[in-house]
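Let's have the full structure, built from the sequences with the hints guiding it.
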Amino acid sequence: MKPRFALIALLAIIVLLLGACAQPTPQVIEKVVTQVVTQEKVVEKVVEKPVEKVVEKTVVVQAATPVPAKKIVSWFQYDQNNVDPKADERVGNEYLRKTIPIFNKEFEGKYVWENQFTPWDRLAAKLVAAVQAKAEVPDLIEAGGTEVNNFYKNGAVQDLTEWAKAQKWYAEMDPSALKICTTPDGKIVCIPMANRPSQVFVWKDLYPNGFPKTTDDWLKEGERLKQAGKYAMTFFGSTAFNGDGANRAVFQAIVSFGGGYDDGNGKLKLNTPENVAAVAWLREMVQRGYVTEISFAGGFQEEEAFKDASAGAIPTGLFGYRYINPLVAPSGKKYEKKNEQDMLDAIAAGDVILQPFPAAPGKKHGCGTGVAALFIPTGAKNPEGAKEFINWTLSPAHNPAYVKGPGGGLPVLKSIAALPDFQTPFYQQAYQVASASECKVAWPTVVNVTGAKMAVMNAVYKLIKTDPKADIATELQKAEDEFNKTVK
Amino acid sequence: MTQLATAPPSGGRHTKRTKPHRRFDPLPFLLLLPTILVLLAIQVYPMFYTLVLSVQEREPSGWQFVGLKNFEILLDSRQLGESAGHTLIFLIGYATLTLTLGFIIALLLNRKSSLSGVYITLLFIPWILADIIAGVVFRLLVLPDYGLFSGVLQNPALFPPRGLSILTADAPRPWIGEFPFPPSPAMVYLILAATWRALPFITLLLLAALQTISNELIESSRIDGANRWQIARHIIIPLILPTMVVALFSLTLGGINGVGMVFSLTGGGPGTSTHVLSYLLYSIGWVSLDFGRAAALALILAAINLTLIAGTLRITRVQQRSI
Amino acid sequence: MQVATESQAPADLRALLTTRGQREGLLANLALLVITLFALLPIATTVLISFKREEDVTRKPPVVFPCDTPTSKFDLTACRWSIEGYERVVLPMPSPGSLLGFEIKGRMLNTYLPNTILYAISTALIVMVLAGMSGYAFSRYRFPGRDAMMIAILAITGVPLLTNLLALYQMGASIRHLAEGLYNDRVYIIIVYTGFFLPLSVWIAKGFFDAIPRELEEAALIDGCGPLGTLTRIVMPLVVPGLTAIFLLSFVSVWNEFIAGYLLITKNDLKPAMFGMYDFLGQNIINAQAVAAACIVIALPMIVVFLFARQSFFRAMVEGAIKG
Numbered sequence: 001m002k003p004r005f006a007l008i009a010l011l012a013i014i015v016l017l018l019g020a021c022a023q024p025t026p027q028v029i030e031k032v033v034t035q036v037v038t039q040e041k042v043v044e045k046v047v048e049k050p051v052e053k054v055v056e057k058t059v060v061v062q063a064a065t066p067v068p069a070k071k072i073v074s075w076f077q078y079d080q081n082n083v084d085p086k087a088d089e090r091v092g093n094e095y096l097r098k099t100i101p102i103f104n105k106e107f108e109g110k111y112v113w114e115n116q117f118t119p120w121d122r123l124a125a126k127l128v129a130a131v132q133a134k135a136e137v138p139d140l141i142e143a144g145g146t147e148v149n150n151f152y153k154n155g156a157v158q159d160l161t162e163w164a165k166a167q168k169w170y171a172e173m174d175p176s177a178l179k180i181c182t183t184p185d186g187k188i189v190c191i192p193m194a195n196r197p198s199q200v201f202v203w204k205d206l207y208p209n210g211f212p213k214t215t216d217d218w219l220k221e222g223e224r225l226k227q228a229g230k231y232a233m234t235f236f237g238s239t240a241f242n243g244d245g246a247n248r249a250v251f252q253a254i255v256s257f258g259g260g261y262d263d264g265n266g267k268l269k270l271n272t273p274e275n276v277a278a279v280a281w282l283r284e285m286v287q288r289g290y291v292t293e294i295s296f297a298g299g300f301q302e303e304e305a306f307k308d309a310s311a312g313a314i315p316t317g318l319f320g321y322r323y324i325n326p327l328v329a330p331s332g333k334k335y336e337k338k339n340e341q342d343m344l345d346a347i348a349a350g351d352v353i354l355q356p357f358p359a360a361p362g363k364k365h366g367c368g369t370g371v372a373a374l375f376i377p378t379g380a381k382n383p384e385g386a387k388e389f390i391n392w393t394l395s396p397a398h399n400p401a402y403v404k405g406p407g408g409g410l411p412v413l414k415s416i417a418a419l420p421d422f423q424t425p426f427y428q429q430a431y432q433v434a435s436a437s438e439c440k441v442a443w444p445t446v447v448n449v450t451g452a453k454m455a456v457m458n459a460v461y462k463l464i465k466t467d468p469k470a471d472i473a474t475e476l477q478k479a480e481d482e483f484n485k486t487v488k
Numbered sequence: 001m002t003q004l005a006t007a008p009p010s011g012g013r014h015t016k017r018t019k020p021h022r023r024f025d026p027l028p029f030l031l032l033l034p035t036i037l038v039l040l041a042i043q044v045y046p047m048f049y050t051l052v053l054s055v056q057e058r059e060p061s062g063w064q065f066v067g068l069k070n071f072e073i074l075l076d077s078r079q080l081g082e083s084a085g086h087t088l089i090f091l092i093g094y095a096t097l098t099l100t101l102g103f104i105i106a107l108l109l110n111r112k113s114s115l116s117g118v119y120i121t122l123l124f125i126p127w128i129l130a131d132i133i134a135g136v137v138f139r140l141l142v143l144p145d146y147g148l149f150s151g152v153l154q155n156p157a158l159f160p161p162r163g164l165s166i167l168t169a170d171a172p173r174p175w176i177g178e179f180p181f182p183p184s185p186a187m188v189y190l191i192l193a194a195t196w197r198a199l200p201f202i203t204l205l206l207l208a209a210l211q212t213i214s215n216e217l218i219e220s221s222r223i224d225g226a227n228r229w230q231i232a233r234h235i236i237i238p239l240i241l242p243t244m245v246v247a248l249f250s251l252t253l254g255g256i257n258g259v260g261m262v263f264s265l266t267g268g269g270p271g272t273s274t275h276v277l278s279y280l281l282y283s284i285g286w287v288s289l290d291f292g293r294a295a296a297l298a299l300i301l302a303a304i305n306l307t308l309i310a311g312t313l314r315i316t317r318v319q320q321r322s323i
Numbered sequence: 001m002q003v004a005t006e007s008q009a010p011a012d013l014r015a016l017l018t019t020r021g022q023r024e025g026l027l028a029n030l031a032l033l034v035i036t037l038f039a040l041l042p043i044a045t046t047v048l049i050s051f052k053r054e055e056d057v058t059r060k061p062p063v064v065f066p067c068d069t070p071t072s073k074f075d076l077t078a079c080r081w082s083i084e085g086y087e088r089v090v091l092p093m094p095s096p097g098s099l100l101g102f103e104i105k106g107r108m109l110n111t112y113l114p115n116t117i118l119y120a121i122s123t124a125l126i127v128m129v130l131a132g133m134s135g136y137a138f139s140r141y142r143f144p145g146r147d148a149m150m151i152a153i154l155a156i157t158g159v160p161l162l163t164n165l166l167a168l169y170q171m172g173a174s175i176r177h178l179a180e181g182l183y184n185d186r187v188y189i190i191i192v193y194t195g196f197f198l199p200l201s202v203w204i205a206k207g208f209f210d211a212i213p214r215e216l217e218e219a220a221l222i223d224g225c226g227p228l229g230t231l232t233r234i235v236m237p238l239v240v241p242g243l244t245a246i247f248l249l250s251f252v253s254v255w256n257e258f259i260a261g262y263l264l265i266t267k268n269d270l271k272p273a274m275f276g277m278y279d280f281l282g283q284n285i286i287n288a289q290a291v292a293a294a295c296i297v298i299a300l301p302m303i304v305v306f307l308f309a310r311q312s313f314f315r316a317m318v319e320g321a322i323k324g
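Residue numbers (the working numbering), protein chains in the order written: chain A, 1 to 488; chain B, 1 to 323; chain C, 1 to 324.
These are computed hints drawn from the structure, not numbers from a lab.
Warning: the hint list may mix true and false statements.
Some chain A residues well away from chain C (every beta-carbon gap over 10 Å; in silico) [claimed, not checked]:
(1) P119
(2) A130
(3) G186
(4) Q341
(5) N484
Quick list of in silico lysine-lysine cross-link-like pairs, DSSO-like style, CA-CA up to 30 Å [unchecked claim]:
(6) K267/C <-> K105/C
(7) K168/A <-> K179/A
(8) K333/A <-> K364/A
(9) K69/B <-> K478/A
(10) K440/A <-> K267/C
(11) K267/C <-> K86/A
From the three backbone atoms N, C-alpha and C, an ideal C-beta is built for every residue, glycine too.
Now the structure itself:
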């Protein structure tokens, strides 16, 4: 019988240890989650399973107030708790920090907005994975318009068509932005919050003859700048961040040659004469030394070459303005507020101008569409709250702050766009450029957007950078075939 | 291994002779129970789940059985071949470098000067750093334009014609077909960084083995007229060979499965030049969210690993020692 | 399994040292010195970077020491050291009400590191106890299936972590779904970590128990100590160093683990420090001083733990590697 004692002692120790480790944790969480939330749960649970849950939650009941407020959980790429004044996402972080209390005050007793920060390059994958595994999903997620079909086809987001059409703001919503949120079969699955088509930021003084209108002229200007010890452009040329470069400057070039990635049936169509011409042009730019080497470094280091004016242009999304700072103009003039204001100042001063991407002969200026949009995921616990949130954010009182903060682009509502806030040189130029370009959706039907991005960017990188002698059509065809095999 | 499983359960000198009245004692099973439960949940169940996943595909409606399609797509893809090539080059470079340097350092330390303890402690610090931190540390050193080493490396006078920026430099043309040899500068740098982190552990292992060799043996052979090379060749190396093998396998296993350093040092780039198998698994599974294909790749990796483990067992004869 | 840090050279070897031997000793020392410096170089440079200002970190071409002036290349009095990087990690914000007069707003310090400490300590404790129990069973008992079980546990160490994560992610979600209210993210991740680091620890523990002569126990039993008494008074004290080693090894493993936390943990408030590093990696990496400072803040506790308990580490690692 004696070994029993040893066993019991050991088991007792384990139970104690497990208990000691497990117990504090719920407390920690309850502290993090606001009080109101727990109260709401209590009420629900009590109704559903009166016997079981009462014991567990008695402690909380004391704190209960009569009105329960429902949580609205959002996933943004911004973190209200990150107070680092130099954080990359400081603009969005600051917006959340200011706005969450305002929202919670206005909806006191009804809703509590709780944001869970998610890194930008994980947002889409995290949502799809969570929906597939039936894990926890938020009530709202802010993502780019490039994910529309991915989310829709994976059943990750709710159809908002009926609801959207019944809202006041629907009539004055920019139709082009709304189109990005519409699936191929006509369903509205997200609400655009700001429009941010890709454009080119240009140091005016480095292009004294004017920024080139055609890709051929850009090559000529490239030679001129090279002789002067400068670069024609810097761009997101690396394969970093899961090939996100394919959504950025590379896509602008592709569209400017009349090309695209998507065959309209959920597969890639890369080997087209337009795409081959676009890649050949990019290859020329890179191989002749008109593009900064740092374009290929990843980690957004390509922006450095524009900040110090060693490169004359950076094609990127409109929202790029808030990251590219501080700035030193070719004249030596410094813009050193170290926030989004630097770029706006440089544009107001005329040092930086916004331009459309040069077009191939006979083609239109190309541009990638981009909206910042709000989606309501499948399985959201509080879709009603999420909808009220969207209405609140689109209201005249609160929309300008959103557009200037996380939106980082042009307002999508006419009445907002007419406000004096949006008549500055930055917005005027951005409107002009957008209307002068033909903007395309990068992935209207491809579902596995991330896989496609990686396939495209790996192939393009190889063609323009590492293997300048490889046959472009062959390589594009290989990448296309390999990806399409994985399409169901 | 079969002879192991069927080994007589009552062998050894420690059968429960003290308690002849009990034939079956549940105590060891009870002691093992929590461990077994945890391992079943966290290690065994996921293995079977992976097996099931590998023959399925995700449809919006749910999981669909697709047979061996995932394996076919995988084995057919250039990605797999390329990543396998990178993994192979990485492993060869990493294991050779670590074992050679580890052996040399262990020999130096085995002289047992009064400073050995200090050296071991200091040399060991890299091991205590997380692979992801080590990756960041090495990345900061060669950050294009700003890294401390970049000042030297990117100097065109030293590395003509344009200087060497490790994180953006192109791989040389492959010598044979598409096999990625010679490796890109980023791959070489990744190997150096991984070696830096693994070296302490391997050194320690080899040192422990060296210390089991008796001084008398070496002294007597020296008196017999053996020179130093002969002593190393005929006495030291044969004696520590089993440890060398253990070290080699431990390095290989770590090298195949580690993803943290690739993640934080190169992110698989530039281009795809540091895409290794484990990184491919990560990107298929967690970036493209193709869990079925990722599961297929995971099984291939697990098979390689288990083969290696079985090899280690055989060579070190751990069976005989443990029974 | 002796390790050289107990650095008493046998006297007979000392006596054999000739002048030639001494010269060689000097050379070996020199070589070791150079190697050690090389090994510490990346760490030293990281420390160096962490104390620079942004202006000096982003200079082209880079300067090693931020000590140059327009007139001279190196002037010790002109060095521009700064704790800017650490400030960005710690983010002290003035707060009159609090104890120190400021509040730590840095997520790394007020959220991620405490999480890591919680995960690492809990996991290490559980692993230590479970491995101790299993190691004891494997070392002291012969029972059917013992060897098969030991080989199985060893084989498990060969399954790549990444493989299991696909299933573990799904499993976490399913448990949450089935038992809403009972499920706890922290408990789940601790159990997962336990499962990851347990197999090797079982083998290490068995090795430690094997090393304790059974005669001691038998003698104690004969002398009238009960099994419990034997365990607590004879075996435990002898095995404490071994269990400590297992604790420390698991602790460091969890602390340094990245990919499981990264893929399984979804809420920002539950992130461990290694995942927290990603806040810096997913963004513009130019602010090297802040990245370097974050690295040091995360790694320093481990280096300190190691320096104080290095013998334990060495013991566990050699045991684990040779047997496992």
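To see whether the hints hold, each was checked on the structure:
1. P119: 4 Å, violated
2. A130: Non-interface label fails for A130/A: nearest chain C Cβ at 7 Å, not farther than 10 Å.
3. G186: 32 Å, holds
4. Q341: Since the minimum Cβ distance to chain C is about 18 Å, Q341/A lies beyond 10 Å and the statement holds.
5. N484: 24 Å, holds
6. K267/C <-> K105/C: 18 Å, holds
7. K168/A <-> K179/A: Holds: K168/A and K179/A sit about 18 Å apart, inside 30 Å.
8. K333/A <-> K364/A: Not OK: K333/A and K364/A at ~34 Å, beyond 30 Å, violated.
9. K69/B <-> K478/A: 19 Å, holds
10. K440/A <-> K267/C: Judged against 30 Å, a Cα distance of about 35 Å means the pair is violated.
11. K267/C <-> K86/A: Distance ~23 Å between K267/C and K86/A Cα, so the pair holds.
Checked against the numbered hints above, the structure violates hints 1, 2, 8 and 10; every other hint is satisfied.
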